[in-house]
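Use these hints to put chain B onto chain A, whose structure you have.
Here is how the chains run, residue by residue.
2 protein chains.
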Amino acid sequence: MSEDRYALADQLRLPPGPVRLADLPTDAHPGLDGGKQEGVAALAALGAELAELQERMYADAYTGGSHRVLVVLQGMDTSGKGGVVEKAIGLLSPNGLRITSFKKPTDEELAHDFLWRIDRALPDPGVVGVFDRSHYEDVLVHRVHGLVDEAELERRYEAVNAWEKGLVDAGTVVVKCFLHISAETQKERLLARLDDPEKQWKFKPGDVDERQHWTDYQRAYEVALERCHTDAAPWYVVPADRKWYRNWAVARLLLDALRGMELGWPAPDYDVAEQRARLEAEGQE
Amino acid sequence: MSEDRYALADQLRLPPGPVRLADLPTDAHPGLDGGKQEGVAALAALGAELAELQERMYADAYTGGSHRVLVVLQGMDTSGKGGVVEKAIGLLSPNGLRITSFKKPTDEELAHDFLWRIDRALPDPGVVGVFDRSHYEDVLVHRVHGLVDEAELERRYEAVNAWEKGLVDAGTVVVKCFLHISAETQKERLLARLDDPEKQWKFKPGDVDERQHWTDYQRAYEVALERCHTDAAPWYVVPADRKWYRNWAVARLLLDALRGMELGWPAPDYDVAEQRARLEAEGQE
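So the sequences go chain by chain: A and B. Residue 268 in the working numbering sits at position 268 of the first sequence, and the numbers go up by one each step. Counting from 1 along the second sequence, just add 1000 to a position and that's the residue number in the working numbering.
Next up, chain A with everything else stripped away, as it sits in the complex:
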């Protein structure tokens, strides 16, 4: 069991050194034999343990603990950030869960440093936080479109590393997942949105414009992954061309994070027999 336990994390963890996304698979399914049917079943099979460990962490915080988990989801358009939230994170209880979907910053947010809005979205102790996009957008979009200069980008990579280390030092496990898809998969998924009246609302003409910058985005991701791949908060590259694998893999990485806390149920800080007696004695008081 303990050998298997970190096996997936080891396989998906970004290797050290220069990052070349073209060399990392988008359609592999390490750690999971079979196809869609097996993947969907494997995901469902994680549900009970995920929910129990989530509740243990919540209970731990309720009695003073400071553990939390932050799942950071990044990836190109259509890579499945929302799908992971629905299918994988959806296995958890909405109690003790905080999802934040970062959109284009508001004027108020722009008036602050880029980490300001991120910091405000952190989960409380005991809670599983999920970022659908994150502070990484500020070194991705901004780099691709030249919105800030090189010196500012450098400052941001360092600021991100310092901020994430602070989180980890305070008891947070940070699980950063890059959902890695091929350009061909994105094209298929955009076409599928156009073809389906229930999905057309998700499509914007701007998605095609952004797609023209595919190579620049891949390069921006390579730099961000490389610069912000730390011992405190490593990156995991999740092959995401197959939805069933992507969902299972993120759920499994989250499960590993929760297991790693090795939390039991908190012992009561009151006398159980005494409280029992108080309840039973009612009406005789």
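Rather than coming from a laboratory, the hints here were simulated on the basis of the structure. Note that the structure is a prediction, hence the values are computed from the model and not measured.
One side of the interface only, derived from the structure: several residues of chain A facing chain B at Cβ under 10 Å:
hint	residue
1	Thr63
2	Asp207
3	Gln212
For every residue, glycine included, the Cβ atom is placed at its ideal position computed from N, Cα and C.
Just chain B now, kept in the frame of chain A:
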């Protein structure tokens, strides 16, 4: 279909006039035949439609709509607010869901009027918001323990009604559920928490102290329900001695709220064929 559609809401809606909680059942199961097995199955059967209507509301807001739903859960300790969130609200996608569990107010919150923190917890358009406890605590706890005088309580009932009407006028459906349990059920559930090492953390000796005020709390609820039962935002009294009924009933009331919006999928505001051509033309540009 349309007759059945609002049938449960009609049955659970608080009758007009003076409220006597002792006259309202805690263990009935109107609208749902059978027992636990049927109840659990009936709840699960609502999942697909709930999730689809939730996504339609989200899509509607994404394209400019202003619909939202706010579910307010109130009830005595152990009435199952957390259980409803886990089992009923858990059928929705975490995308487009915002749960707020209101605890004892912080110093910052106390420095503002009682509705300040409530207002900040409102769901965005397109999102289903759930309050686990709410602004009603400020006319319940405060009344029972005499923390504020009668004039302030009067001001608060009025303020609540005005605030809720404002929400509704702006496109929010407010579903206020009082989870109604008997004193005997609470006693059983508190004892069950004491007996289970996985639940002992949920118990506080203060729960027994608060239970001594059972009658006062019931009275405080009667006044709050009566004073804040408005056309804009009526109260539903959900018999909650049976968990399977409670969970199903809240899910069903939420489903009715979403159905009532009669939302389709938004029509695209772009030319589908044109965008298709742009995607297909790639590499030839």
